[in-house]
Every structure is written in C-alpha cells, then in structure tokens.
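Chains A and B supply the protein sequences, listed in that same order. So that you can map any letter, position 319 of the first sequence is 642 in our numbering, and since no number is skipped, the others follow by simple counting. So that you can map any letter, position 242 of the second sequence is 283 in our numbering, and since no number is skipped, the others follow by simple counting.
Errors might be hidden in some of the hints.
To be verified - Beyond 10 Å from chain A on every Cβ pair, some chain B residues (computed): (1) Gly100; (2) Tyr172; (3) Leu245.
Stated by the list, open to error - Chain A regions said to be covered by chain B (calculated; three or more residues, Cβ under 8 Å): (4) 451-462; (5) 499-505.
None of these hints come from the bench; they were simulated from the model. Here the structure is a predicted model, which means the values were calculated and not measured. Here a beta-carbon is modelled for each residue, glycine too, at the ideal position from N, C-alpha and C.
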Amino acid sequence: MNAAELPILSIMLAVPMVGALACLFVRDEMARIIALTATLFNLLLGVWLWASYDPAGAQWQFVESAALFGPIGWKLGIDGISLLLIMLSVFLMPICIGASWRAVTERVGLYMASFLLMETLMIGVFAAQDLMLFYIMFEAGLIPMYLIIGIWGGKDRIYASYKFFLYTLLGSVFMLLAMLWMIQQAGTADIPTLLNHDFPPEAQTILWLAFFASFAVKMPMWPVHTWLPDAHVQAPTAGSVILAGVLLKMGGYGFLRFSLPMFPEASAQFIWLIFGLSMVAVVYTSLVALVQDDMKKLIAYSSVAHMAIVTVGLFTFNQQGIEGAIIVMLSHGLVSGALFLCVGVIYDRLHTREISRYGGLSINMPKYALFFMLFTMASVGLPGTSGFVGEFLSLAGAYKVSTWATLIATTGIILGAGYMLYLYRRVAFGEQVNADAAAMPDLDNRELWLLAPIAAAVLWMGIYPESFLAPIRRDVATIVERIERAAPAGDSKLKVHDKTTAKYRIQAHGGEHDKKAEGAAH
Amino acid sequence: MDLSTSLYLVRPELILSFSSLALLLIAAWRQEAGRLVSILSVAALVGAGAYAVHYLCAGTDASAFEGLYRADAFGSFAKILIYFAAAISLMIAPKALEKMGAMRAEYPVLVILAAVGMGVMVSATDLLTLYIGLELNSLAAYVLASFARNDGRSAEAGLKYFVLGALASGILLFGMSLLYGFTGSTSFETIGTAMTGELSMGLLFGLVFVLSGLAFKISAAPFHMWTPDVYEGAPTPVTAFFASAPKVAASALLIRIVVEAFGNQVQAWQQIVMVVALMSIIIGAVGAIGQQNLKRLLAYSSINNVGFLLIGLAAGTEQGVAAMLVYLAIYVAMTLGGFVCLMQLKGRDGEMKESMADIAGLSKTRPALAAIFAIFMFSLAGIPPLFGFYGKLVVFNAAISAGLFPLAVIGIAASVIGAFYYLKVVKTMYFDESGDSIEAADDKVLRWTGGALGLVVSALGYLAIPLLGAVTAQAAGALF
Numbered sequence: 324m325n326a327a328e329l330p331i332l333s334i335m336l337a338v339p340m341v342g343a344l345a346c347l348f349v350r351d352e353m354a355r356i357i358a359l360t361a362t363l364f365n366l367l368l369g370v371w372l373w374a375s376y377d378p379a380g381a382q383w384q385f386v387e388s389a390a391l392f393g394p395i396g397w398k399l400g401i402d403g404i405s406l407l408l409i410m411l412s413v414f415l416m417p418i419c420i421g422a423s424w425r426a427v428t429e430r431v432g433l434y435m436a437s438f439l440l441m442e443t444l445m446i447g448v449f450a451a452q453d454l455m456l457f458y459i460m461f462e463a464g465l466i467p468m469y470l471i472i473g474i475w476g477g478k479d480r481i482y483a484s485y486k487f488f489l490y491t492l493l494g495s496v497f498m499l500l501a502m503l504w505m506i507q508q509a510g511t512a513d514i515p516t517l518l519n520h521d522f523p524p525e526a527q528t529i530l531w532l533a534f535f536a537s538f539a540v541k542m543p544m545w546p547v548h549t550w551l552p553d554a555h556v557q558a559p560t561a562g563s564v565i566l567a568g569v570l571l572k573m574g575g576y577g578f579l580r581f582s583l584p585m586f587p588e589a590s591a592q593f594i595w596l597i598f599g600l601s602m603v604a605v606v607y608t609s610l611v612a613l614v615q616d617d618m619k620k621l622i623a624y625s626s627v628a629h630m631a632i633v634t635v636g637l638f639t640f641n642q643q644g645i646e647g648a649i650i651v652m653l654s655h656g657l658v659s660g661a662l663f664l665c666v667g668v669i670y671d672r673l674h675t676r677e678i679s680r681y682g683g684l685s686i687n688m689p690k691y692a693l694f695f696m697l698f699t700m701a702s703v704g705l706p707g708t709s710g711f712v713g714e715f716l717s718l719a720g721a722y723k724v725s726t727w728a729t730l731i732a733t734t735g736i737i738l739g740a741g742y743m744l745y746l747y748r749r750v751a752f753g754e755q756v757n758a759d760a761a762a763m764p765d766l767d768n769r770e771l772w773l774l775a776p777i778a779a780a781v782l783w784m785g786i787y788p789e790s791f792l793a794p795i796r797r798d799v800a801t802i803v804e805r806i807e808r809a810a811p812a813g814d815s816k817l818k819v820h821d822k823t824t825a826k827y828r829i830q831a832h833g834g835e836h837d838k839k840a841e842g843a844a845h
Numbered sequence: 042m043d044l045s046t047s048l049y050l051v052r053p054e055l056i057l058s059f060s061s062l063a064l065l066l067i068a069a070w071r072q073e074a075g076r077l078v079s080i081l082s083v084a085a086l087v088g089a090g091a092y093a094v095h096y097l098c099a100g101t102d103a104s105a106f107e108g109l110y111r112a113d114a115f116g117s118f119a120k121i122l123i124y125f126a127a128a129i130s131l132m133i134a135p136k137a138l139e140k141m142g143a144m145r146a147e148y149p150v151l152v153i154l155a156a157v158g159m160g161v162m163v164s165a166t167d168l169l170t171l172y173i174g175l176e177l178n179s180l181a182a183y184v185l186a187s188f189a190r191n192d193g194r195s196a197e198a199g200l201k202y203f204v205l206g207a208l209a210s211g212i213l214l215f216g217m218s219l220l221y222g223f224t225g226s227t228s229f230e231t232i233g234t235a236m237t238g239e240l241s242m243g244l245l246f247g248l249v250f251v252l253s254g255l256a257f258k259i260s261a262a263p264f265h266m267w268t269p270d271v272y273e274g275a276p277t278p279v280t281a282f283f284a285s286a287p288k289v290a291a292s293a294l295l296i297r298i299v300v301e302a303f304g305n306q307v308q309a310w311q312q313i314v315m316v317v318a319l320m321s322i323i324i325g326a327v328g329a330i331g332q333q334n335l336k337r338l339l340a341y342s343s344i345n346n347v348g349f350l351l352i353g354l355a356a357g358t359e360q361g362v363a364a365m366l367v368y369l370a371i372y373v374a375m376t377l378g379g380f381v382c383l384m385q386l387k388g389r390d391g392e393m394k395e396s397m398a399d400i401a402g403l404s405k406t407r408p409a410l411a412a413i414f415a416i417f418m419f420s421l422a423g424i425p426p427l428f429g430f431y432g433k434l435v436v437f438n439a440a441i442s443a444g445l446f447p448l449a450v451i452g453i454a455a456s457v458i459g460a461f462y463y464l465k466v467v468k469t470m471y472f473d474e475s476g477d478s479i480e481a482a483d484d485k486v487l488r489w490t491g492g493a494l495g496l497v498v499s500a501l502g503y504l505a506i507p508l509l510g511a512v513t514a515q516a517a518g519a520l521f
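If we strip away everything but chain A, and leave its shape as in the complex, we get (with noise of 0.2 Å):
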C-alpha cells in the first residue's frame, strides 16, 4: 500500500502530538511506555514514508493542503530533502526516550509530553509548505526545549534555558518580517510558488539578512554560536541529542530551502560573508575544542565546526557542494547525536562530564570503548563513515568555488581528528587513574540498542551513500538550476592554455584526469 493514499504526514504530526497530551495524565511509567510507542510508531510511519517515496515523481509528495486557519494555511509536503531530515528526526526521537529512561526520575510526564511536542514540531518545519506554518513550527520549538533544558538541566540550567531562548527568538523575529512582507508581495504564503518567484535584487538583499538572522544563530554560525555550548552543556543528554541532531539542522534546511532558492543574487552577493564566518567557526572552534575539559563542551564546538562546513557546501552553488552539505548534516545528526549519548552513558554511571576523571575505559569498558572509537572515527570523517561522505563532497563542491575557503575549512578535518583522538585518548586509553571511573560497568542491553542502530546507520551512510544520494539528488538538481543565474565564477579553472603550468601537468593522465575528478566525486 502506498503511504499517499492516507494524509501520512498529518499522521506523523498527530501521533506524538497525542502521545504528548496523554503523557500528561498518566504515572511515570505508563508515560515512558506511552512515549515509546509514540516514537516507536512514528519511526514505523517515516520507513513507510520513505518506501512509498518516488524520487522519480513529482518534485512535492504527499501534499496535502486544508483551509483550517484562515490566512495561515495547513499545507503540508515534502521532496527528498524534507524526507531525510524527517527520516533523521523520527529514528534519533525513541532513542531519545530511550536513553531518558532511567536518566529521568522527576515530572516524567512532563518530559515526555515535551519530547512529543519536539517531535511533532521538528517534522512539521520540515514538511511545512506554508511559510506562516513553518515559521510557527520553528519557533514553537522553543517552548518545550526551554522547558528541557531549565526542568532536567545541569546546574547552571537557568542561565542557559535564557540565553537558547532569546538568542534564537531574537534571531528569528526579523525573519517574520521578512516573511510577512514576502507574502504581500508576492500574494501568497504558498512554498513551492514562492521557491519560484523572483524578488527584486535590492530587496533580495534585505530579506536574505533577515532570513540570515534566524538561521545564522540557530545553525549556529561564528559569532552568534555562543548559546549552543551552554545549551548543550546543561541539557540533559536526550536534550543534547536533539539539539544536535536535529534542531541545528534546521539551520540548514532554512539556508537550503528559502535563502538559496529565493534569493540567489542575495545569496551569491553574500557568499564572502558566509565563507568568512565559516572559515573562522572551523579554526576557532576547533582550537577551542581543543582545550575544553568538559566532554559535552567539546562536542558542542565540535557541532559549530561540523556546521561551518555545511555552510561552505550550501553556498558553493554546485550539485557536490550541496549534496554534499545535505549528508554532513544527516551525518553530523547521527554521530554527535551517538556521541553525545556515549557522554550519557558515562555520566549516568559517574554524574561527571570532566574528562580528566575517565581514563582506560577501554580497559573495563570494551563494548563501550568500541562504539565510542566508531562515532569518533565517524566525527573525524573517516572514510567508510558517514562523515567521509558529506565532508568530501562539500568540501570538492567549495574547491570549484574558493580554493582559499576550501583549504582553511579542510583545516578543520585535521583539527577534528586532532581533538577528537586526543579526547578518545584521555577517555579510553591510558592508566585506569580513578579507581570509580575503573569500576565502571559496561554498556547494558538498553544502552547497547540505542547505540548499535546508529552505528548500523552511520556505517550504511559511509559504505552505501546512494541511498541517501538518490532521495535528494534530483531535489539538489532542482535547486542548483534555479540559483545558476547567480552562480560565482570559481578561482580555480583549470589552465590548459596557460603555457607557464603546463609543465606541472603529468602528460600520461592526459584526458582521463578531468573524468576520475567526476567519478570521485560522485
């Protein structure tokens, strides 16, 4: 049967929305059961979603469309973008209620019903086809990620709740404006129509820095990234683990769905800003990961330096550069979500995110050791893993554009793998120096069922990318030709007739040269 046939996404919003509501009125444990099963049967709806997907068919499936609120219409919709980064949010969300299984003692209702509404809202921007639904799903998200992280947060939770509050709605209101005065001129609110509709260039300009605003702080991109380390250091870890996984990625989205399309020559026009920022974030953030004690600190800066590159990518305005961006940000999902649940899994046991206090796990935590080393490596982007993928394609998409902006992000793999191995090393290698951190046990089933399906598809994303590459090229191509117009002219052509390089040239590869790049790339 083919998930068309129903309203499959209105289902999808609907069944954790009624889930949250019922977690409301029940005891502890019936609300962890009811949450499960919500997530559970939310996770079964997205397999089948993605099966009846056709990426041959029509650009938006499964649109549905209802006049229920007046000028803020229900439409929903999506193309091959929208459905992995659904696909993402459903299978991260039971592991999330997973991992808070034990982890949460206090108002579990509460928490359950705020990780429903998070999901609801996570696949409602990204099926929304209305911009005024999307911009109320994206900031509706707010409400129960503030109460997350102030409810089930470390010490300094109320500091952090504030500063994830008001930086992303303060980011986010000029994006309001702009959408309102995108509506009047264009005379309808309707996505797909507007993907298509050509602003004038001098107000292109204007709208793309609103749009800029809210995106740039929830990407987050250097210098407005400063609430992300607090957020995630005091969040509990199922809260990081959707932070990471899928709220920054509505950045991303954002950039690739209204600021690329929309406003090409807006987009184009800005490029030296969105490769500078991007530059900066990879150095800076990854030195200053570098030096950080606390686990989730490092992973937060980590996060930034992970999301510079998707920014690189998606400006680069070439098929590489955005797929590749695209699989960065599943990637980065998967792996910081795994990593930040690998931090759970040794605070649960020492209620310590100090590095200095773990050392030799590997010693009586092997289990452990080995799916810590597996997202590690992922992080990295090592190749057989996801994140080899999205970086390389990125990455060879921005050479075509900036060789400059190319080489300094590329500095940012080899300082991932510098303080990602070096935290890998304090944590599993070396003495047993603390004697509670040595007699740890290892992971337990339900801790092992939450990290071996990420891992399975970490290793899928990095052995077999075509199956994320299919869904997405097509949509990636549909884009690409709409913002051609305002593509940058690349700094690295290759000079052919330039008699002062051809000595540089290796004869022997000839024409084949230029076709290896292709294959490799693709």
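Add chain B to chain A, keeping to what the hints say.
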C-alpha cells in the same frame, strides 16, 4: 430620524441602564444579595451582548440621536468584547471579594454602569457622547478601584486613579474645546471635513491634547504611570476588569476618533501614535523586568500590549484597524486568563498571594494551574503556536503593508525584551525549588474560566481565525 428608531438602536445600553437601576434597588434593600445581583448582572450583560451580536450579524449601520451615536459593526464588535470581559470579571469576583470582606451588592451594579459607559464610548460619533461615556465609565471605575475600602492599598489606588484620571479628562476636554472652537462642531464627521488641507495650530493642539487624554485612558506610555499602582492596589477581580474591558473601550474610541475625525490628517497623528507605541512597548517591557509583584508585572504587560496594539493604529489603514480588533480580542482572553490564574494563588489562611516568590515551584504543587499560567505567559510573549502570536502577527503584518518598516523592526526587537519577563514567570514556576506556600484552590468558577480561557489561547484558538478574520474585517470596514 425619530426617537423610537434611535431608542431601538441603543437597546444594549437601554437594557444595561435599566437593569443597573433595578439592581441598585435590590442592592439598596438587601446588602447581602451580592451573589444574586452578580448573577442577574451577568444575565443583563448576556442580553445586551445578544443584541450586539444581532447588530453585527444583521450588518446594522445606522446613526441615532441626530448623529450623536452610531450603531455599526465596529461598535458592536467592541461591545461584545466589553460585555464578555465585564461578565467574566463579575463571575470571578464574588468569592475573592467575600474573602476580603468587600463583597457588596454595589459591585456588580458599578460594573454594569461602567459597561454602559463603555458601550457609549465605542459608539460615540460626537465629542459630547464620547465624554459622557468616558466619564460614566471612569467614575464607576474610580469607585471600583477603592472597593475594598478597608484596605489601605485599595483606597490609595482609588485616589490615585481619580486624581490622575481627572487630570486626563481635563486634558481631553481642553483638546475637545479647541477642536470645537476651530471647527465649529462637535461631530466627528464635521470635524473630519473641517480638518482638510493645512492644519491650523489650534487644531493641531486640539488633536495632540485629545490623543494625550486618550493615551492616559489606555495607559500608553508616557501616560502610563498610574497603571502599576492602580493595578496593584485594586482588588484582583477589579484589576482584571480594568485590564480588559476599559482597554477595549478606550482603544476602540481612539480608533474611531482618529479614523473618523482625524482621518484626513494621517500625517499629523501617525508620528505621535508611532512614538507612543514604541515607548509603550519598551517601557512596558523594561519596566516589568524588576517587578516582584505579579499584579504590577501584569500591569506593565498591559502597557506593553497597548504598544503593540497601537502599531496597528499607526498603520492607519483598514487592515490595521482590523488587526487591532483581532489583537484586542486575543488580548482580552489572555489578560483575563492571567488574572484568573493569579486569583487562584491562595495561601494557607486563604490570603491572596501575588508575589513572584510565592509561585516558586508551582508546577510541582499545582501542575494544572502552573501549566495554564505558563500558557498565558507564553501567549502574552507572542510565542507560537499560542494564540497571542497571531495577534502580534496581524498587527505587524498591517505595519509592513503600510510600509512602516522601522516601526516594525524596532517593535519586534523590543518584543524579545518583553519575552524575558514572561519567561521569568515560567522559570519561577517550573525551574525553581518549591516554596510550597500555595494551597489547592476551592473555587470552581475560577478553575473553569481559567481552563476555558486557556484553551482559547492555546493553539486551538487558531481554529477561530476564519471567524475572527471575517468579523473584524466587517467591523473595520464600517469605519472606512
């Protein structure tokens, strides 16, 4: 136009006037009949409201008493809101006032008299009817503010309200006399026609004074000083009333006079309205941050909200007025809800709790109350998906289509400052350790009204958008 047609058009006011007189007689003989009088007053408000609904549906648009009064969709919509707010204020009051020992049968009568005044205000098309309605409302309100006469704070609130209110009325009257002197008429329509072309100095002064007087009545900055003191001192049900119905009435009056009488001089008042709007937003937001008393906090919140409301007026378009009416409708539900939640905060000895420290950890001891209060707070902050967001959305939409970009940008940026103190209330209820000083409330009426208003303000309210949109468009259309 003969008298009978005129009387026919003022049926809502007639019903309320006669019931208030009849109820006053009951109150005079039976002082302890407060509850009965309250119930009858609510019935009278429902009856008057039914006529307002009728006029709205029938599209009545007629002038009464030789152009002194106008029964149109705009006035009817405002009246529905006013009567609704007054009825809610009556329903939630008896128990709370009884606890303070201040429940007397005059309370509902005064509320009804104020409602009559407000009905006249929103339908006034002449400076004289305007002033009569305004003063009828104000005089009733001064008494209501000091209704708990044994409480020093309440008496102080009444006095402050009276002195400052009288000053504002004086300013308003002065402006009206200038308008009359320079145009030769008190009718909005004639003033409107006379105010074309170059604006004479006298008329400009008149306009500024009238706007200042009305800004006081809607507690817009810089004429907001009285609001926190009066809101804090007055008994909470009365504060709930002050924050809802008179706001609607004064705002509607402001809209009507600005559109009908000053409609040809948009340039002259637009700047004033813009400055007042931004000042209200910023002062309301910044002033609330340090407040420890929740009633004062809600007072600043109402100043803040008036600022957003005025953004719609600054647009000066039909769309802007419709947006203001949407905003008012949502604002009434949010504000009343906020005060209803506040009234449920009772200590062990039944005393009212109203400080920030008292609600610490409320979500543990009274989860449902905390959740509803949080909904109102997020909604007042304008965070989607709550209904308060929609109000802000339409108002800013109107400003954007009128091309007022700087106003919209500054206003929306300041709304983030406002979000901070609403968040602080949520933080105190949800993140702080329990102070455990709040007892379970025993008042069913409060619980049900709070719950119902909470549902309206929650995302469910979006279902009402098509209806609300159609009605407000009709109401705004009646003015243009």
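Against the structure, the hints come out as follows:
1. Distance check on Gly100 (chain B): its Cβ is at least 21 Å (rounded) from any Cβ of chain A, clearing the 10 Å threshold; non-interface status holds.
2. Non-interface call for Tyr172 (chain B) relative to chain A: holds, since the shortest CB-CB distance, roughly 38 Å, exceeds 10 Å.
3. Remark: the non-interface label on Leu245 (chain B) is consistent with the geometry, its nearest Cβ contact in chain A lying 32 Å away (cut-off 10 Å).
4. For the stretch 451-462 of chain A, the stated coverage by chain B is satisfied: 5 residues place a CB nearer than 8 Å to a CB of that chain, which reaches the threshold of 3.
5. Coverage of the stretch 499-505 of chain A by chain B holds in this model, with 4 residues showing a Cβ closer than 8 Å to a Cβ of that chain against a need of three.
Taken one by one, the earlier hints all hold for this structure without exception.
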